[in-house]
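K.L.:
From just these sequences and the hints, can you work out the full model?
Protein chains in written order, with our numbering: chain A, 1377 to 1697; chain B, 10 to 262.
Treat the hints with care, as some may be off.
Said to hold, decoys possible - Listed below are the simulated DSS-like cross-link pairs for lysine-lysine, each with C-alpha atoms no more than 25 Å apart in a straight line:
1) 1691(A) - 204(B)
2) 204(B) - 79(B)
3) 260(B) - 1654(A)
4) 238(B) - 1529(A)
5) 1661(A) - 238(B)
6) 1591(A) - 260(B)
7) 1694(A) - 238(B)
8) 1654(A) - 238(B)
Calculated from the structure, these hints are not laboratory results.
Every value quoted in this text rests on a predicted model; they were computed, and no experiment measured them.
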Amino acid sequence: MPEVWVYAEVTHAGVVDTTALELLTRARSLGADVAAVVLGPGASRAAGTLGDYGASRVYLSDDDVFGDFVAQPATKALDQLVTEHSPEMLMFATNYDSRDIAGRLSAKTGATLMSNATGVSGLDRAQTAISGGSLMVDVVLRGSPKIVLVRPKSFAAEAMGGVAEVINVEARIPDELRQARRRERQEQDAAGPNLEDAGIVIAGGRGLQAPDNFKLLDRLAGLLDDCAVGATRAVVDAGWVPYAYQIGQTGKTVKPGVYIAAGISGATQHLVGMKGAKRIVAINKDGDAPIFEVADLGVVGDAVKVLEQLIEEVKRRKGQT
Amino acid sequence: MNVVVCVKHVPDPNAPVEIQDNRIKRTGVQNVLDPGDMYGIEAGLLLREALGGEVTVISMGPVQAVEAIKRALSMGADRGVMISDDALTGADSLVTARVLAAAIRRAGFDLVIAGVESTDGYTGTMPSSLAEFLGLPQVTFAKRLSASASSVTVDRQTASGYHVVECSLPALVTVTAGVNEPRYPSFKGIMAAKKKPLEHLTLDHLGMSAADAEVEQEIVQISAVDERKSGTRVANDEAAARIADLLAEAKAI
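P.N.:
This is the structure we're talking about:
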């Protein structure tokens, strides 16, 4: 039986990145045997979850080398496993470390690689959305294995209650692959609910005009249940808010019930990260901005003024004024 | 410090993407130096100014893509290498990495710099594949970069913050927008660029053949997706009430 492998990222505490569970759920439907690979501190503690979502086997190592050094040790371990077991397809999520490892593994093995997939329909077939999601590209992959990098939230994760066989991987990583060392880890915690899981997302762009106006988004979010604040790449690059706020191609993918885009023009890079929202509200001065093409409710006007009015309206409805 | 910077000539990101024969249309459209690459060029120039050495700019693409290199030379890079070959039409990121690796090996370097991903294809895997072909360690997503003669230190962006990564040279680094403020070419720079060495290479020069350029994937169909329909527009004076209605419907109020 052909094998499909899912590469899973894991925290030191053993929490599996949700994207791996999405990929496992999809992999189960491809008529193949499904396995997961998880490397670095926390890996053993992740095996139960990976089995629960459909991995029949989990190849794992808790060795610090995979956490301490960027990309090269994981590529080496995966290359050895692939040579030994010949899986038909390897699925990675478009996450920082996964993307690096997938790119290296493709060069190392000669395996063809497809990036930014939003669908996987067979062992040799995947799809990707381009032009901000208006065009779907259907791709046939040849050779073995095939590597597919899948955008987060392309599939819903569903547990199935399985138990995985655990196979320990011995890490024999030579010194020449221990070059790029993580010296320090800085976390920047955003307040409120996790941007990727929030039911309501309010995001701001250049149209807010000044970093100070971003506080309006925080004030509105504070009045709403289950609401998080995000931003476009332009304002993150400008240093208004930390990178953790960024929604889009490079950044987070969100699928909230309501998405409010305040002062956002709607570049493709942003649209791919939020087009899955159930309802989209756009507030922008330029009535021709592409964001209006995907908005259910459009307001052509000054985002700052509309936000101020909206804050008053929400307060009024909550009986706070 | 000898730095090689990879650049790409891409369709103007401000114009709509055109598709022809199942590929992004690259000829007959306005092309520009990928805006993401300007940060890589600037990073190379800053390192040269601090540590000496040369900045070589390298690109692969149709012959007219040499314009991207010329732009980099006018910003201050020292030399250019342009790889063009009919056999490379339709090359994917793996083939691109293989070809660039062959050319970069000839050039000699301490550090290779690229953008995180191109603005047209945005696969984002070419630099990692390139690092593997060259046998180099890599540090991607640099939002801060400093170097000594023997190592680089990078603040590498993560989903929730950043990691400080230290890496011995030679190495490959990809830089994000925001790592620096790219300079504009001066008139003097534009004039000087015309006299700078610019090498044109084909697969033959690199000891490669069409077999090295074979792509193992094929687009079989491009179809229009049911677009989200744009909904209603509301006047400014009703906006707050209508948005609040939506939020109430979603049980956020």
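K.L.:
Hint by hint, note whether the structure agrees.
P.N.:
Now for the hints, and whether the structure bears them out:
no. : hint             : result
1   : 1691(A) - 204(B) : 66 Å, violated
2   : 204(B) - 79(B)   : 11 Å, holds
3   : 260(B) - 1654(A) : 14 Å, holds
4   : 238(B) - 1529(A) : 22 Å, holds
5   : 1661(A) - 238(B) : 20 Å, holds
6   : 1591(A) - 260(B) : 23 Å, holds
7   : 1694(A) - 238(B) : 32 Å, violated
8   : 1654(A) - 238(B) : 12 Å, holds
This entry does not satisfy hints 1, 7, going by the numbered hints stated previously.
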